[in-house]
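Engineer: Heads up: the protein sequence lines correspond to chains A and B, in order. Counting in this note's numbering, the first sequence runs from 1 upward without gaps. Counting in this note's numbering, the second sequence runs from 1 upward without gaps.
No lab work stands behind these hints: they were computed from the structure. Cβ coordinates follow ideal geometry from the N, Cα and C atoms, glycine included. The reader is advised that the hints may include incorrect statements.
The calculated lysine-lysine pairs, modelled on DSS-like cross-linking and capped at a C-alpha distance of 25 angstroms, are [stated by the list, open to error]:
1) B:K147 / B:K52
2) B:K80 / A:K90
3) B:K110 / B:K54
4) B:K170 / B:K80
5) B:K445 / B:K170
6) A:K45 / A:K90
7) B:K279 / B:K232
8) B:K68 / B:K110
9) B:K80 / B:K52
10) B:K147 / A:K45
11) B:K345 / B:K300
12) B:K445 / A:K110
13) A:K90 / B:K367
14) B:K345 / B:K318
15) B:K367 / B:K318
16) B:K170 / B:K147
17) B:K318 / A:K90
18) A:K90 / B:K106
Facing chain B, according to a computed beta carbon distance under 7 angstroms, are these residues of chain A, among others [claimed, not checked]:
19) G14
20) A25
21) A49
22) G54
23) A61
24) L64
25) G79
26) E81
27) T85
28) D86
29) T91
30) G95
31) L107
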Amino acid sequence: MKVQLSTIAYARSGDKGDGSNVGIAAYTQEGYELLRRELTVERVKQHFAAIARGNVTRYEAPNLLALNFLLSDSLGGGGSESLKTDAQGKTHGIGLLRMELDVPSDLLPKLRGNG
Amino acid sequence: MSATRRSPVLVANGQGFWGDSPLGPVRLVREGPLHYLTLDYLAEVTMSIMQKQKRRDPNTGYATDFIKMLDRVMPECMAKGIRIIANAGGVNPDACRRAAADVIRKRGLKGVRVGAIAGDDILADLPALIESGEEFRNLDTGEPLTKVLDRVECANVYIGAFPIAEALEKGAHVVVAGRCTDPALVGGPIVYEFGWGPNDVDKLAAATVAGHIVECGAQCTGGNFSQWREVKDMARIGYPIAECSPDGSFVITKHDGTGGLVDVRTVTSQLLYEMGDPKRYIGPDVVADFTTIRMEQAGKDRVRVTGVKGSPATDTYKVSIAYRNGWKAQGQLTIAGPDAVAKAKLCAEVVFDRLALDGVTFAESEKLVELVGSGVCHEGIVAAGDPTEVVLRIGVKSQDEKKVARFGYELAPLVTSGPPGVTGFAGGRPAPTEIIAYWPALISKRRVKTTVTVEEVAL
Numbered sequence: 001m002k003v004q005l006s007t008i009a010y011a012r013s014g015d016k017g018d019g020s021n022v023g024i025a026a027y028t029q030e031g032y033e034l035l036r037r038e039l040t041v042e043r044v045k046q047h048f049a050a051i052a053r054g055n056v057t058r059y060e061a062p063n064l065l066a067l068n069f070l071l072s073d074s075l076g077g078g079g080s081e082s083l084k085t086d087a088q089g090k091t092h093g094i095g096l097l098r099m100e101l102d103v104p105s106d107l108l109p110k111l112r113g114n115g
Numbered sequence: 001m002s003a004t005r006r007s008p009v010l011v012a013n014g015q016g017f018w019g020d021s022p023l024g025p026v027r028l029v030r031e032g033p034l035h036y037l038t039l040d041y042l043a044e045v046t047m048s049i050m051q052k053q054k055r056r057d058p059n060t061g062y063a064t065d066f067i068k069m070l071d072r073v074m075p076e077c078m079a080k081g082i083r084i085i086a087n088a089g090g091v092n093p094d095a096c097r098r099a100a101a102d103v104i105r106k107r108g109l110k111g112v113r114v115g116a117i118a119g120d121d122i123l124a125d126l127p128a129l130i131e132s133g134e135e136f137r138n139l140d141t142g143e144p145l146t147k148v149l150d151r152v153e154c155a156n157v158y159i160g161a162f163p164i165a166e167a168l169e170k171g172a173h174v175v176v177a178g179r180c181t182d183p184a185l186v187g188g189p190i191v192y193e194f195g196w197g198p199n200d201v202d203k204l205a206a207a208t209v210a211g212h213i214v215e216c217g218a219q220c221t222g223g224n225f226s227q228w229r230e231v232k233d234m235a236r237i238g239y240p241i242a243e244c245s246p247d248g249s250f251v252i253t254k255h256d257g258t259g260g261l262v263d264v265r266t267v268t269s270q271l272l273y274e275m276g277d278p279k280r281y282i283g284p285d286v287v288a289d290f291t292t293i294r295m296e297q298a299g300k301d302r303v304r305v306t307g308v309k310g311s312p313a314t315d316t317y318k319v320s321i322a323y324r325n326g327w328k329a330q331g332q333l334t335i336a337g338p339d340a341v342a343k344a345k346l347c348a349e350v351v352f353d354r355l356a357l358d359g360v361t362f363a364e365s366e367k368l369v370e371l372v373g374s375g376v377c378h379e380g381i382v383a384a385g386d387p388t389e390v391v392l393r394i395g396v397k398s399q400d401e402k403k404v405a406r407f408g409y410e411l412a413p414l415v416t417s418g419p420p421g422v423t424g425f426a427g428g429r430p431a432p433t434e435i436i437a438y439w440p441a442l443i444s445k446r447r448v449k450t451t452v453t454v455e456e457v458a459l
């Protein structure tokens, strides 16, 4: 079944120079394994194709059940150079949570946790 | 003086940035126990705003909100023994210290010592530093600073916790810093209380993590949390307190009876904020490894953090440099449907066509057209649909101020000479504002000398 990432994970984003970082954390260990497998650099780059013009870098923080993505050139210049509404990438986190994944329906309870 | 006197030490953040709610510090001081109140007023953007102000008036360039805040909370802080640490000095810590002393004097508070930290401002030394071999290469582009040196507005070193600890050691009730790192505001009092030194890398790493968690105020206590529906009483959201122990462990919490939520998820969310490589969170005092952090729920609205590891600091400080980089202007109109999107697009075309008729053109990279309401923030992620109205945000940037000024004349005319349903022209004609761009760089630590001055305010 199709599941929005917001069902199984939470996120926060902010600016890093003229790019943004998007941290996403799973509610459960199983959810983290799914994120690690599914959220490839290519897939995230594709998801933000209209927003991030540069490279995407991925880091892992298994202790936080989290992945961290750096989206370069995603702020229209960043800081005081940008004309964009979201010049600091504040909404990129919930933007990633809109992504849909295919998840076996029997796995879903293990991904939701208590959250 | 540096021996442990109390444990845990309660360090709160009441202000996550310049513009945060005045209720944060006021309620932290009033609604429960506290030892240190830290206030973060600086962001990279903030430094450039302050620099613009200082150019207009040399007595400004610091966070004026801090002075108003001091006026409001200082009597209660003195009565309760709460000491205040703020990076409110901005690009003019001395002016900030004088303003703070004025308020304390006006309030008639006796025996208040105010400390100021100097040495982060290296603007005047840049030519000599470059002469001596510091290139200040842009960390993003690799270019040397000489490329924009004639346009540099400010240059400040991100200093760490030790100068703040020194000011506390010298008895400061209020510490005014300029450009220190945000986590250092919390690190300073912990280092002072527990007598930690530069070699206590795991403990300094823990202090960095504690500082990072609370540095954005309510962003770790339920603010900006994905599961916002779970956050109760958001209006009365509690600002964060780190209860710090001498072994480096700490508990993140908030005052009893306040709104918001502190759990592993809200704290994790803030750990992820502005994160780069989680294994190497580089600060002035230590390199913290965020992958070593362990967290557990330790009661309602209490998260215990343990296990943080660090490695020795690098031999450089980060430098925040800002330089003038042209002009920009933007304005907005509201366009009501039907066909809001099509009409807004037409409006944008008309603006740029009319400017071209008058000989004013902009490159694509110098223009911004956003149809707010049609999926601007999540462009390409969600379908636009057919919004009943949109806000047209339209802007330009250029090195040529005159061109940017000319742009501002073509927005209001659309109300009468564009498609129907154009309204909401507010705030007057968009005027050019100068772009102050950011140039991140490094400097050898041996070239930076901080000084700490603590003086009692004479009544």
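Engineer: Indicate, hint by hint, whether the structure satisfies it.
Structural biologist: Against the structure, the hints:
A threshold of 25 angstroms between alpha carbons decides the hint, and for K147 of chain B with K52 of chain B the separation of about 21 angstroms falls inside it, so the pair holds. For the suggested pair K80 of chain B and K90 of chain A, the alpha carbons sit about 37 angstroms apart, so the restraint of at most 25 angstroms is broken. This hinted pair does not check out: K110 of chain B and K54 of chain B have alpha carbons roughly 31 angstroms apart, beyond 25 angstroms. At most 25 angstroms may separate the alpha-carbon atoms for a hinted pair to count; K170 of chain B and K80 of chain B meet this at roughly 19 angstroms.
For the hint linking K445 of chain B to K170 of chain B, the alpha-carbon distance of about 24 angstroms falls within 25 angstroms, and the restraint holds. Taking the CA atoms of K45 of chain A and K90 of chain A, the gap is about 17 angstroms. The hint holds against a cut of 25 angstroms. For the given pair, K279 of chain B sits about 34 angstroms from K232 of chain B by alpha-carbon distance, which is inconsistent with the 25 angstroms threshold. The suggested pairing of K68 of chain B with K110 of chain B holds, with an alpha-carbon distance near 19 angstroms, which does not exceed 25 angstroms.
In summary, the hint linking K80 of chain B to K52 of chain B is not supported, as the alpha carbons are separated by about 37 angstroms, beyond the 25 angstroms threshold. Straight-line distance between C-alpha atoms of K147 of chain B and K45 of chain A comes to about 32 angstroms, which puts the hinted pair past the 25 angstroms bound. With a CA separation close to 51 angstroms, the supplied pair K345 of chain B and K300 of chain B exceeds the 25 angstroms bound. For a cut-off of 25 angstroms, the pair hint linking K445 of chain B to K110 of chain A is broken: about 49 angstroms separates their Cα positions.
Between K90 of chain A and K367 of chain B the CA atoms are separated by roughly 22 angstroms; this keeps the pair inside 25 angstroms, and the hint holds. Distance hint between K345 of chain B and K318 of chain B is unfulfilled; the C-alpha atoms sit about 43 angstroms from each other, more than 25 angstroms. For the hint linking K367 of chain B to K318 of chain B, the alpha-carbon distance of about 32 angstroms lies beyond 25 angstroms, and the restraint is violated. For the hint linking K170 of chain B to K147 of chain B, the alpha-carbon distance of about 42 angstroms lies beyond 25 angstroms, and the restraint is violated.
Proximity of K318 of chain B to K90 of chain A is assessed by CA-CA distance (about 24 angstroms); at most 25 angstroms being required, the pair is judged to hold. The hinted pair formed by K90 of chain A and K106 of chain B fails the criterion: a straight-line CA distance of about 40 angstroms is larger than 25 angstroms. Because the beta carbon of G14 of chain A sits about 4 angstroms from the nearest beta carbon in chain B, less than 7 angstroms, this interface hint is met. Checking A25 of chain A against chain B: minimum C-beta separation of about 5 angstroms stays under 7 angstroms; hint holds.
Interface hint at A49 of chain A: satisfied, since its Cβ lies 6 angstroms from the closest Cβ of chain B, which is below the 7 angstroms cut-off. Interface restraint check for G54 of chain A: the shortest CB-CB distance to chain B comes to about 10 angstroms, outside 7 angstroms, so the restraint is violated. With a cut of 7 angstroms, the hint placing A61 of chain A at the interface with chain B holds, because the nearest CB-to-CB distance is about 4 angstroms. This hint holds: L64 of chain A has a C-beta 5 angstroms from the nearest C-beta of chain B, less than the 7 angstroms allowed.
At its closest, the beta carbon of G79 of chain A sits 5 angstroms from a beta carbon of chain B; the interface hint therefore holds under the 7 angstroms criterion. Using the Cβ-Cβ criterion of 7 angstroms, the hint placing E81 of chain A at the interface with chain B is satisfied: the shortest such distance is roughly 5 angstroms. Taken as an interface hint, T85 of chain A checks out: its beta carbon lies about 6 angstroms from the nearest beta carbon of chain B, inside 7 angstroms. For D86 of chain A, the interface hint holds, the least distance from its beta-carbon to any beta-carbon of chain B being 5 angstroms, beneath 7 angstroms.
A least Cβ separation of about 4 angstroms between T91 of chain A and chain B falls short of the 7 angstroms threshold, and the interface hint therefore holds. At about 5 angstroms, the closest approach between the beta carbon of G95 of chain A and any beta carbon in chain B falls short of 7 angstroms, and the interface hint on this residue holds. The criterion of a C-beta within 7 angstroms of any C-beta in chain B is not met by L107 of chain A, whose closest approach is roughly 20 angstroms, and the hint is violated.
When each numbered hint is compared with the structure, violations occur for hints 2, 3, 7, 9, 10, 11, 12, 14, 15, 16, 18, 22 and 31.
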